[in-house]
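> Respectively, the protein sequence lines represent chains A and B.
The opening position of the first sequence corresponds to residue 0 in numbering that gives the first Met the number 0, with each subsequent residue numbered one higher.
The opening position of the second sequence corresponds to residue 0 in numbering that gives the first Met the number 0, with each subsequent residue numbered one higher.
Hints were generated in silico from the structure; no laboratory data involved.
Only a predicted model underlies this, so the values are computations on that prediction, with no experimental measurement involved.
Careful: at least some of the hints might be erroneous.
[Unchecked claim] In silico BS3-like cross-links for lysine-lysine, where the CA-CA straight-line distance does not exceed 27 angstroms:
1. A:K38 - B:K139
2. A:K46 - B:K70
3. A:K46 - B:K41
4. A:K38 - B:K127
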Amino acid sequence: MINFDYIRVTSPKAAVDALSKDSSAQWIAGGTNLIDLMKKGVMSPQKLIDISNLSLKGNKERRWQTTHRCHGIEQRGG
Amino acid sequence: MAKRKSHNNQPEDQHVNEGRRNFLKQSSLLTALAVAPPYLVKAAASQLDEKAAAYFEQVPLSVEVNGINHKLSIEPRTTLLDLLREQLALPGTKKGCDHGQCGACTVHVDGRRVLSCMSLAVMQEGKKVTTIEGLADGDKLHPMQDAFIKHDGFQCGYCTPGQIMSGIACIREGHANSDDEIREYMSGNICRCGAYPNIVKAIADVKKGGQKI
């Protein structure tokens, strides 16, 4: 896997800003797809913007993670 | 006389020769560089860049593994699996396919089962990771480990750490109420020896036992 810059954002706005500033950046949430593609060299983002810690809907806490059942994105009950 | 003269001159000759050799070396290098295809020069330069970058591109990481806090410095591309196996010397977590297909690398992050080969270590900042090494309490095995031994839930054992971590999470999630349900919720863990019937028995037994796991 090629190396990349890594940043963590704490708000949706920061996530959007960071992505729009850099055309070679990618968001990463669970990572099941992206990391797989990066290992194979299909994707090679220069920067990963970690949005896994953003709570996505109101005060309901939802989180993203690589799990067995979902292969990609799963939400944690709020 | 002539002999002596040449003897005296030797150091000077050597010096001259060395100078010439260095000059030839340098100039041939320069020529090689000049005639080398640009992509080669670029590749050599980028290799150097990469080495330098690898040194500078380490990022700090603070993570709790099996109850021990680690403050580390890692490359962002390091997967959790590689961090555990290669930097923290915890080889109990296995690398099967390294592509999220087999489940051998299953660990718990904040109590949930995740595939460590598909998780970046740097994304586990501040989280609690539990591996197969963190289950036993001293010499006392975890009930799931006991059950795997009792029911012979393995042959070669390569998938077993993943099966056990997954089995524990399966019960904690409340997905172990019937053999069918266990099979469904353990479907992310592949066993090439085909020990599935015994794995299901082991998990069902722990569930029935009702111990706190």
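> Hint by hint, note whether the structure agrees.
Verification of the hints:
For the hint linking A:K38 to B:K139, the alpha-carbon distance of about 39 angstroms lies beyond 27 angstroms, and the restraint is violated. Proximity of A:K46 to B:K70 is assessed by CA-CA distance (about 23 angstroms); at most 27 angstroms being required, the pair is judged to hold. Restraint check for A:K46 and B:K41: satisfied, since their Cα atoms lie roughly 22 angstroms apart, inside the 27 angstroms limit. The straight-line distance between the Cα atoms of A:K38 and B:K127 is roughly 25 angstroms, inside the 27 angstroms bound, and the hint therefore holds.
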